[in-house]
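*Asks:* All chains should be modelled from the sequences, with the hints used to inform the complete structure.
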Amino acid sequence: MKDLVSSDLFQKVSKTSLTLPTYDYTVGVKQGSVINIKPRIGEFEVITKRSIVNGNEHFETSPAKAFTYADVLLVRRYVSKEGESVVSKTPAFAVNVKVSSSANGSFKYVTMMFRYSLAEDICKSINDVREKRATDVEKGKAFYCILEDNGLNIDSWQSDIIENGGTFKFAQYKKKYDMNFISANLYESDTAKYGPSQETTVNSTQSKL
Numbered sequence: 437m438k439d440l441v442s443s444d445l446f447q448k449v450s451k452t453s454l455t456l457p458t459y460d461y462t463v464g465v466k467q468g469s470v471i472n473i474k475p476r477i478g479e480f481e482v483i484t485k486r487s488i489v490n491g492n493e494h495f496e497t498s499p500a501k502a503f504t505y506a507d508v509l510l511v512r513r514y515v516s517k518e519g520e521s522v523v524s525k526t527p528a529f530a531v532n533v534k535v536s537s538s539a540n541g542s543f544k545y546v547t548m549m550f551r552y553s554l555a556e557d558i559c560k561s562i563n564d565v566r567e568k569r570a571t572d573v574e575k576g577k578a579f580y581c582i583l584e585d586n587g588l589n590i591d592s593w594q595s596d597i598i599e600n601g602g603t604f605k606f607a608q609y610k611k612k613y614d615m616n617f618i619s620a621n622l623y624e625s626d627t628a629k630y631g632p633s634q635e636t637t638v639n640s641t642q643s644k645l
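In this text, residue positions in the sequence shown follow this note's numbering: the first is 437, and each later residue adds one.
Don't read these hints as lab results, they were simulated from the structure.
BS3-like cross-link-like pairs, simulated, lysine-lysine; straight-line CA separation at most 25 Å:
| hint | residue 1 | residue 2 |
| --- | --- | --- |
| 1 | K544 | K501 |
| 2 | K575 | K605 |
| 3 | K577 | K612 |
| 4 | K485 | K525 |
| 5 | K485 | K577 |
| 6 | K525 | K577 |
| 7 | K525 | K611 |
| 8 | K610 | K575 |
| 9 | K474 | K611 |
| 10 | K525 | K610 |
| 11 | K629 | K612 |
| 12 | K485 | K560 |
| 13 | K525 | K501 |
*Replies:* This is the structure:
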């Protein structure tokens, strides 16, 4: 099974140069194709190596940079109730998707984020189901449902979407303070839970999220 994050493919798509990006904060069903960009997702680091050190998971990282899809650490800094400075880092698999463009070259994008799931975990989880070693996807289930909804698997994701720039559908919704991502079919089947059937800004009074 091919990896979700391929260094060769990353080098290929990272040569793409795009300008004037705007993050799309509207909720609803989207359709787009992957792009190489440094996303506006707050502070983050790109994971370059994963290992176990003294029984604990350890990540080597590089500073925030442009990517098409990558394993990342989302960094959150805050002050605890006791007045102490805290740094929290959450691992995630991230995919940048261009969802619209205009004649002047500007475009809108979103960064699909699958928190607490890395590419290796997602591949293994999907492969375990395919090989009947498991009955359900444990890691990256939302990403798996998006693939299924578009008639894709891990291999066709690489060939159709990454290598050939194909488009795919998904949905974005807001839960508490974070944007989350699910299949378009699931979103439309339960808009009472995920939001309105038509796109609207996340600050709209119509969004009951």
